[in-house]
Amino acid sequence: MLFLETLIGGLLAGTMYSLVAIGFVLIYKASGVFNFAQGSILLFSALLFVTLHEAGVPFVVAILLTILALVLLAILIEKLVLRPLTNRSPMTLFMATLGLSYAIEGIAQGVMGATVHELDLGIDDVPIFIGDLLVSQFDLVAAVTAVILVTVLALLFNQTRIGISLRAVADDTRAALSIGINLNHIWQIVWAVAGMTGLVAGILWGARQGVQFSLSLVVLKALPVLIIGGFTSIGGAIAGGLIVGASENLAEAYIGPAIGGGITGWFAYFLALAFLFIRPAGLFGERAIERV
Amino acid sequence: MFQRPLLLNTVLAVAVTATLGLGTAAISQAADQYVPLPTYRVGPYASSGTLWWAGTLDYFRYINEVEGGINGVKINYEEFETEWSPDRTVEVYERVKKGKNGSPLAFFFTHSTPASYALIEKAAIDKIPLIDPAGGRTESTDGTVFPYAFPLLFNYYSQASTGIKYIAQKEGGLDKLKGKKIVTVYHDSAYGRETQAAIKLLAEKYGFENIQIPVADPGNEQSPQWRRVREIKPDWVFLRTWGVSTPVAIKTAARFGIPVDHIIGDVWAGSEADVIPAGTAAKGYQALAPYPGGASFDIHQKLKKHILDTGKSDLRDKKFFGAVYYNIGLVNAVLAVEALRTGYNKFGNRPLNGEEGRWAFEHLVIDDARLKKIGFYGLLQPLRITPEDHEGGGAARIQQWDGKQWQLKTDWIQADRTLLRPLVEAKSAAYAKEKGITRRDPSKEK
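Line by line, the protein sequences are chains A and B. Residue numbers are given in the numbering used here: position 166 of the first sequence equals residue 1046, and the series is strictly consecutive. Residue numbers are given in the numbering used here: position 219 of the second sequence equals residue 228, and the series is strictly consecutive.
The set of hints was computed from the structure by calculation and includes no laboratory data. It is possible that part of the hints are untrue.
[As the list claims (entries may be wrong)] Label pairs and their in silico Cβ distance ranges:
| no. | chain 1 | residue 1 | chain 2 | residue 2 | range |
| --- | --- | --- | --- | --- | --- |
| 1 | B | A438 | A | I1003 | 36 to 44 Å |
| 2 | B | K442 | A | Y982 | 39 to 47 Å |
| 3 | A | G912 | B | G445 | 54 to 62 Å |
| 4 | B | V374 | A | E934 | 44 to 52 Å |
| 5 | A | S969 | B | Q205 | 18 to 26 Å |
| 6 | B | Q414 | A | L948 | 29 to 37 Å |
| 7 | B | D135 | A | E1166 | 23 to 31 Å |
| 8 | A | L1163 | B | A438 | 54 to 62 Å |
| 9 | B | K442 | A | M881 | 47 to 55 Å |
| 10 | A | S969 | B | I134 | 52 to 60 Å |
[What the hints assert, rightly or not] According to the in silico footprint, chain A covers these stretches of chain B (three or more CB under 8 Å from chain A):
| no. | segment |
| --- | --- |
| 11 | 52-63 |
| 12 | 216-226 |
| 13 | 282-290 |
| 14 | 317-329 |
| 15 | 375-389 |
We treat Cβ as the ideally placed atom computed from N, Cα and C, and that holds for glycine.
With the rest of the complex left out, here is chain A (with noise of 0.2 Å):
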């Protein structure tokens, strides 16, 4: 029982991590560059949201005008810092993305203050009992949201003009612009839509923990989600998300007393380690094939 009830609340945990990968797949996607600056906009968007919604703004209004922000947070990203940069390598971009990082966290702060706020959803964190089996109501939750948000994107991928155009960069950036897709829209769009993702898992890990600094080191949670299930497949997010927090959370349980340490902080990029040796791309992530 014990057994199972870790793996279901780490199954159940490991979807708010898949929240915060999906970010990163999408401008992976689009753009071959590893965005570093994405936990920054997660702190960002939900420092907004929280600091508009004390301020007396109603929830939806600021959830919306906190949207509003982080599309011209991406207009602004990409002609500042993406289009000088075109053509520059993957590197070069990722440097940026660094910088951007520094940039975001250093203008939250500063702006909107460094203390902590509490971010009540009015989902209690109380457990539910199944049987004897005891799951985190917040937990399932964030499980819901997850799923709502996979199929709004493929929705948004599949159906959508837009998301063909997306899909056509990925594919073949040259290909696509030479159908006159315009690449800085597409950037643009992509940017504000990981943004928007970004606020979603903002929101929960903010209500989880509070909205403060430490939201943009949820992050570092993603790294070894992305490196089991892929840098280009939000398919790819879910399922490491899923195996990053039951392993985690199994091993926690399981191996950490007979160690006698706090495991999870590494053993994440332990497995993810392990895949690299097995499975370089990630379980859904796209080879790189090369001429040399």
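For chain A, the structure is supplied; the task is to place chain B on it using the hints.
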């Protein structure tokens, strides 16, 4: 020749000054006492740092502007942003250890246990006292081996002892601890593990079952740990977490049905930043408070009148006036001020050097009468530092979160320092042996 516009020049000058970390420094003169402050106003721990240094700066401003300095000597403070990173704190130490503008360095606040560990050998060679109230290396309480380290107020062994003593009070006496299960959920770091030897000793003496459960940093997912706590069915939980791991612990504990009023947080798990994010789950949570929360102490009235109401406060959001971290900043500042005053009374009213600073801290006495005079009665415990004892207090009050603010539940509870002292001396002796240090004999010093 191209001339920059005046405005641009001004902006550049301000930017360069701010970049060099000089923006917040008071204008220095040779007669001022230089006090560098490694701070963390940005980064993972900014939510505590911004309040901490608001408290410290407000008190230093009060001393400089209202009291005219310490015996007439003003404090020339200077901030250095470290993001609580020990390597940056070491860099700051290297930059400031020779003092500034004619003022030597009388002491160095590390503001971090890892930084205290990193600097302990350097500072002993440089003869600069390291000040780390309620932190630092526990065995450095023994001043005969560690003449230049001061874990003032409340070292980690005292934290363990006070926590267990309070649990005993609630159970009806120390003899009632026999057979009880006390789980310590701790941040898996040097800080988190620092109390283990003391709790083991106390468990052997009083017969309670001691179970230690680690939480890996940063601790934002703790279901396995609290599932294990639920299986153990403890009588009490001692929570020794830090940063985000505290509110997550409180919320997860509630999810697993652990009664929050049977969880006792330690010093660094007992601030508003620890309970506000946990929401209603934190109502009833208790914590050790060598730095109690609240703005009803006399010093707060003085600061409100002279600093807050005159627009000189460093506190950005005034609702945090009297918050635990603000009060930590105040207490740290007053310890520095009172030690410097002790030193000036001995050496004259001029900036002190490190050796004089050590003498000042080793002869620091703050009794109830003094506490009342300076407005810290109830906020700071009476303190008597000696060359042999660099802690000096070893007590804390207990405060309980009522959902909106901390309520003080007890007066000062004194740790069993007599019981713990052999443990401190055993560790300091091991350190002395490892480093080839000859224990000093303070009775033979001037």
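How the hints compare with the structure:
1. B:A438 / A:I1003: 36 to 44 Å: Roughly 54 Å apart at Cβ, these two residues miss the hinted range, so it is violated.
2. B:K442 / A:Y982: 39 to 47 Å: holds (45 Å)
3. A:G912 / B:G445: 54 to 62 Å: holds (57 Å)
4. B:V374 / A:E934: 44 to 52 Å: holds (45 Å)
5. A:S969 / B:Q205: 18 to 26 Å: violated (49 Å)
6. B:Q414 / A:L948: 29 to 37 Å: Check passed, 36 Å falls within 29 to 37 Å.
7. B:D135 / A:E1166: 23 to 31 Å: Given about 57 Å between the Cβ atoms, the range is violated.
8. A:L1163 / B:A438: 54 to 62 Å: At 55 Å between Cβs, range holds.
9. B:K442 / A:M881: 47 to 55 Å: holds (51 Å)
10. A:S969 / B:I134: 52 to 60 Å: violated (47 Å)
11. 52-63: holds (count 8)
12. 216-226: holds (count 4)
13. 282-290: With 6 residues closer than 8 Å to chain A, the segment 282-290 of chain B meets the three-residue bar; holds.
14. 317-329: holds (count 3)
15. 375-389: violated (count 0)
When held up to the earlier numbered hints, the structure conflicts with 1, 5, 7, 10, 15 and fits the remainder.
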